[in-house]
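Based on the sequences and whatever the hints tell you, model everything.
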Amino acid sequence: MEKHQSRDDLIAALTADMTPVRRVRPRDGAAMIVCATLAAGIACVVYYGFWFGALTGEASPFYWISNGLLGVVGVASTAALVASANPRIGQRTSASQWSTAILAVLPIAAMITLISIEAGHDHGMGMDDPGLLYWKCAARGLAASSVIALAGIWHLRRGAPVSLERAGWLIGLSSGALGALAYNITCPLDSLLHIGFWHVTPAFIGAIFWRFAAPPLIRW
Amino acid sequence: MVADEPTFARLMMATQDGDKAAANVLLAEAGVWLERYFKRRIPPHAIDDLVQEVLIALYTKRASWDPARPFLPWMAAIARYRWVDHLRKVYKHESKELLEGDAVEDSDEEVVMSRVSLDRLFKQLPHKQSQVIELVKIGGLSIREAAQKTGQSESLVKVNIHRGLKKLAALVEEEQ
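Chains as they are written, first to last, in the numbering used here: chain V, 11 to 230; chain W, 42 to 217.
The hints are simulated quantities; they were obtained by calculation from the structure and are not laboratory data.
Simulated coverage check for chain V against chain W, where a stretch passes if three residues somewhere in it have a Cβ under 8 Å from a Cβ of chain W:
id	segment
1	15-21
2	26-32
3	83-97
4	166-174
Away from chain W, derived, C-beta distances all over 10 Å, residues of chain V:
id	residue
5	48
6	53
7	67
8	114
9	131
10	133
11	149
12	219
We put the CB at the ideal spot given by N, CA and C, even for glycine.
Here is the structure:
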């Protein structure tokens, strides 16, 4: 907008053709992200097929623990993300940070287990685990997360985020966790080594990627 | 007299519903509030531009205010966002000199308040950075003069100003 000589001129120009606006509500953003997650999940199931082992009791505890934690991270970061579209000053919730820290236990546990195997303690696992090097799950989880990230960006562009870096982290965490969850329901590989390395990493990779990629897209 | 929280909230609700008269009053009152807000934070010559920028932001982003929440923290958050943006621009164009007479136009109280606010932030910077920012950006010295006065090389002065202003902007952004 051009610079005005006086503030009154600016105000007159701004309000010359004013119209009612639809308020930006966190629940609208949350609904968009839920819809995007469902769409990503359906697309994954259609393309890769649902893993029925989750329903027949075949899935290992790691499957449930990892997907449960991804869900918690997804919900906590989505709540913080949609709230950040409405400017405010005051206390911010740290739920997303704590839940992400808890999620980080899985790749750390997988790493320690790998070292233990090298040291001769296999705990029923081995380097011949077919899931150990199957990185495609992380790539597919990230691909699924992109549609969720777009929903988050759409909501933030409607609103007025005042901390762009934080919003970037939240977009990455939310979309990465929910995108991974959307894909993971199709994956039959459920060992700690596979899940710890490839099922939860989209949340961390997404957070780092969107921390840098999101700010130019949501700056206002 | 500046409008209070209930008045601002009422005017903003009407503005969101498309009431032009309410929008005019709201923006005029917000302008007065913002002037006070920025007087403690930026040089006087930059206040009007920044107030105009924030008024545009308040208007274009009016849909982002939730009537269930207080209005003034919402406006303050937007003002701070634009202020940080302003600091970033300063940091990007640090070779630009301060305009003469900035401090002269200030009232004693404003000068004191600015100093209190800046001193608090400066304490969080390494001494070498706050020293050259103060000399060049506030005192109006050239890079060469600041280098002679502090014993730092000219390139080190530039680096310290660059890093100091960047950190200053980050500190302001972090403040709640």
